[in-house]
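Undergrad: Chain by chain, the residues run as shown.
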Amino acid sequence: MTQIEEVSLEQFKHLVSERALRGETMLLNMGPQHPSTHGVLRLLLELDGETIVNAVPDIGYLHTGVEKNMEAKTYLKAEVMSDRLDYMNPLGNNLAYCMAVEKLVDLDVPPRAQALRVILVELQRIASHLVWIGTFGLDLAAMSMFLYAFREREAILDIFELCSGQRMMTTYIRPGGLWRDVPVEFETAVRNFIKMFPKRIDEYEALLTKNPVFLDRLVGIGKLDAATALSHGVTGPTLRASGVNWDLRKARPYMGYEQYDFNVPVRTEGDTYARYLVRVQEMRESLKIVEQALNKLPMGPVISANRKFVPPPRSELGVSMEALIHHFKLWTEGFPAPKGSVYSAIESPRGELGVYLEGDGGPKPHRVHWRTPSFDNLSVLPKIVKGHLVADLVAILASIDIVLGDIDR
Amino acid sequence: MDNKLEPIVKTLQEKFNATFEEFRGEVHVFVTAEQIVEALTLLRDKYDFEMLSAMTASDYWPQQTPRFHVIYQLTSLVKNLSVQLRVPVNGDQPKVPTATRVYETANWREREIFDMFGIEFEGHPDPRRILTPEGIEGHPLRKDFPLGYEEPQFTFNFEEIDLRKPYAKE
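As you go down the protein sequences, you meet chains A and B in turn.
My numbering puts the first residue of the first sequence at 1, with every later residue one more than the last.
My numbering puts the first residue of the second sequence at 1001, with every later residue one more than the last.
Chain A on its own, in the form it takes in the complex (with noise of 0.2 Å):
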């Protein structure tokens, strides 16, 4: 082990401003245990008094070398490491990668498969979107908040418990369609938390939206004009709350988004109260759709049955000797990929998630770059919050909307 060198104020001399070298003022740390940066994310802040200067965040807490980790392991192993990456969204995450896997080797995704996947990518994104409103709250001191999300979250999280046996952790959408068709209780539980869900916001909006504590702490407060957040790469419900229309729902259709009747919710001001109006909103039209789905999923296979790619049923083991053959094959070797390389990306709750793929003709995948909204979207929070106090910081961190998971890989 290299020994570790003390961090010197002069390694930081051209992120600071001049007044800092001078002393007149002062380097605060904030984090990377700390409870309102959401993980493990510190943040050098340089401040004047209580006013902002300048902030540096420093990230990597979280870095775990998945990407590295996945070029080590078949198409089909490695997928368990996406669910671990945006721990908010692990649904969507395997598909992002599955998608991927199936644009490289160009697999076909049954109907119902496809309908399933949007049901519960949907529903992943109010779970998301949950924790989000949850935490939110909590770091304005609207401690309830927390408990009536978290307690919703929950009900979402058995449906998934339901198809998959795990709440969080899923790895339940595979390359080619789904681990196994959804159990018959599945229909009554998602329609009971359909029924269940909208009161429930307007709950929270009666707690939240009009509250004049609340707009005192967000109007106007972080504000981000569009031309800054396209420069930084800045996608999601964040761009969406400064007036671009850009979801990848609609831009690019994919998984037969196109089939259902939705609205993206847009805001001009690009303040963080914008980005709480868009989230709720969100939620309301992610409902619409899985009801859509739902009231429409096709009957059939949910996984596709070409057995170079797809592992067969374990019923068919005992009876086929091909079956045997492939099922030995592909979880031994894997399969192979061509050479070549793919990005394809969707619309996860926090805004872009592309994976970049590269086959190398081998059954490894030769690179596999995460293109994580989180990362991007957090590399603008330096220029939203100068001159803003710290305990803004603290909302428009929370309104933004990172997962450290996500960044850091």
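One or more of the hints may lead you astray.
[As the list claims (entries may be wrong)] BS3-like cross-link-like pairs, simulated, lysine-lysine; straight-line CA separation at most 30 Å:
1. B:Lys-1046 <-> A:Lys-223
2. A:Lys-68 <-> B:Lys-1079
3. A:Lys-364 <-> B:Lys-1095
4. A:Lys-250 <-> B:Lys-1095
5. B:Lys-1079 <-> A:Lys-73
6. B:Lys-1079 <-> A:Lys-383
7. A:Lys-383 <-> B:Lys-1095
Just so you know, the hints here were simulated from the structure itself, not pulled from any lab data.
Using the hints provided, position chain B relative to the given structure of chain A.
TA: The following block gives chain B in isolation, referenced to the frame of chain A:
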């Protein structure tokens, strides 16, 4: 290829002598390191590619010329188009001019590529590592960087391995 993308690729071909390839409906245009800033500026200003969606690299070790590809995935929101630029970089002294003046996303993305692949970006305003801790040697996503493993400890060699294990002992 998309009809709307064709004139753009043609301009790049004429202006930068660029080659391109198509795979699964995606267009990858190859330009040299010297041309990349000009090409990105042209695409942003003239063809409305407002966003640098993703930027990464890929290592083709043991091949040395070129050893790396630096990859720029561009998106146009107005035209709903995507194009990928790829810059081949040689293994000895890998260097590419920085794109931070064209897209601000490139700032952190280039730091990440430097951290992971050791490709230097000339003129970068903040050339520090971003994800790995201070004091790490090498660049983890290079193909010649080992993945790392832990030696299994059995009763007969437990103490021997314990001695060289890099964790704090009492």
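Undergrad: Run every hint past the structure and note whether it holds.
TA: Each hint, compared with the structure:
1. Of the supplied pair hints, the one linking Lys-1046 (chain B) and Lys-223 (chain A) holds, its CA atoms being roughly 28 Å apart against a limit of 30 Å.
2. Of the pairs offered as hints, the one joining Lys-68 (chain A) and Lys-1079 (chain B) is violated, with about 34 Å between alpha carbons and a cut-off of 30 Å exceeded.
3. For the hint pairing Lys-364 (chain A) with Lys-1095 (chain B), the CA-to-CA distance comes to about 28 Å; that is within 30 Å, so the pair holds.
4. Among the hinted pairs, Lys-250 (chain A) with Lys-1095 (chain B) is inconsistent with the structure: their alpha-carbon atoms are about 38 Å apart, more than 30 Å.
5. For the hint pairing Lys-1079 (chain B) with Lys-73 (chain A), the CA-to-CA distance comes to about 37 Å; that exceeds 30 Å, so the pair is violated.
6. At roughly 28 Å between alpha-carbon atoms, Lys-1079 (chain B) and Lys-383 (chain A) fall within 30 Å of each other, so this suggested pair holds.
7. Our distance criterion of 30 Å between C-alpha atoms is met by Lys-383 (chain A) and Lys-1095 (chain B), whose separation comes to about 28 Å.
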